[in-house]
Structure formats: structure tokens, C-alpha cells
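Trainee: According to my numbering, the sequence shown is numbered sequentially starting from 18.
Careful, some of the hints might be misleading.
[Unchecked claim] No more than 20 Å apart at the CA atoms, straight line, and that leaves these computed lysine to aspartate or glutamate pairs for DMTMM-like: (1) Lys-37 to Glu-204; (2) Lys-37 to Glu-123; (3) Lys-37 to Glu-59.
If you're looking for bench data, these hints aren't it; they were derived computationally from the structure.
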Amino acid sequence: MVSVGSADRYLPDTVQQAVKILVVGAFGVGKTTLVGSVSEIEPLRTEEVMTEASVGVDDLACTDTKTTTTVAMDFGRITLNSRLVLYLFGTPGQRRFWDLWDGLAEGALGVLVIVDTRRLEDSFDVLEQLELRGLPFAVAVNQFPDSEMYGPEELRRALDLLPTTPVVMCDARERTPSVNSLISLVEYVLNVGAVRARETAS
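Throw the hints in and build the complete structure from the sequences for me.
Mentor: Take a look at the structure:
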């Protein structure tokens, strides 16, 4: 994998495939942080300072230090290996921005869903939106300092996920576990595609 230090604004000539990945989740779960921690280029952010208009609309119960919110998208890039590059599109988490998802989802290979176990119920609507759109996804559990620890199977049951849906633990501030979350998603999506191809061929 290309390191942050060796990456520049241009892709190496060896890259054969570019893949679009969405990073979604409820408000304040760490989407912008994850995109920033893995991107090998300066990430594009569309954050605005939160105002009094968000009082009573955006739940700050577990995010009392949050002062900005994404209003369009975050964008980053990561070269997974010499042949494959991921373009990351982080979506706003609040329901009022969900109309943006349709445009951002166009052409996406898959979705990484970030969840916060302190507010697990906030993820239900997000997962429902993905199911309606038929996009394959993996779940990355962002482990905040005061989060309770749960096992993947326990979380899979709580979120009513299929047995095959990847559930991985990560710290969105740290590059390595965040990259591993993306790798889990890509491997899952490629495996799903291979299975479908075999079924079609038979």
C-alpha cells in the first residue's frame, strides 16, 4: 500500500481500477474523521459551523464537543495497492441531507457504515436507506473512549444484519484500523460479485 508520505496528487501509472466508496452513518459518528485519517491527499471537506438553528434538531448528547457539521460531502483518496485506488465520498448524517445520497451513491461499489454503540439506534434509519437502495455494505464500529465494548455477533444481532455482513472494529482517528475497515468492505463486495457471477453462469 502507498504510504501517506510517498503519495502525491497524481496516481501511479500501475493503477488499473478506480472504485467509488460511500462512507455513511448517523450524525457525529466519525465519517469526516475516518476519511481524513486514511486519505493520501488533502481531503475535501464541506463543513459548516453549527448554529442555534440546529438546537433541538441535531442530537449532541454524545458529541458535546462537536462544533461543525458536513453539509454536502467529504472527499478523499486512498491507494490500496499498486493497481487499486478508492475514492471516498463521506455523506452528511442528518436526515435533512439524505436527498444528497442518491447522487453520491451513483456508481458506488459499496458502502462503509460507521456506527457509534453509544447511539446504536441512530443507525437503524441509515441501514434502512441502504437496503432501499440495494447497496452492499460493511459496518465499522467507531470505538469512542467511553463506548461500551460489544462483540461483532452481538452487534450483528442488535442491528439485524445478515450473517455475511462484515462487522469490524475501528478507531476513526487511526489510519491502520480505518484502512482495514475499507479493505473488509472491498473484499466483501468482490466476494459478493464473484458469487453472483457464478450463479449467473450456472
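Trainee: Determine for every hint whether it applies to the structure shown.
Mentor: A quick look at each hint next to the structure:
no. : hint              : in the structure
1   : Lys-37 to Glu-204 : 14 Å, holds
2   : Lys-37 to Glu-123 : 9 Å, holds
3   : Lys-37 to Glu-59  : 17 Å, holds
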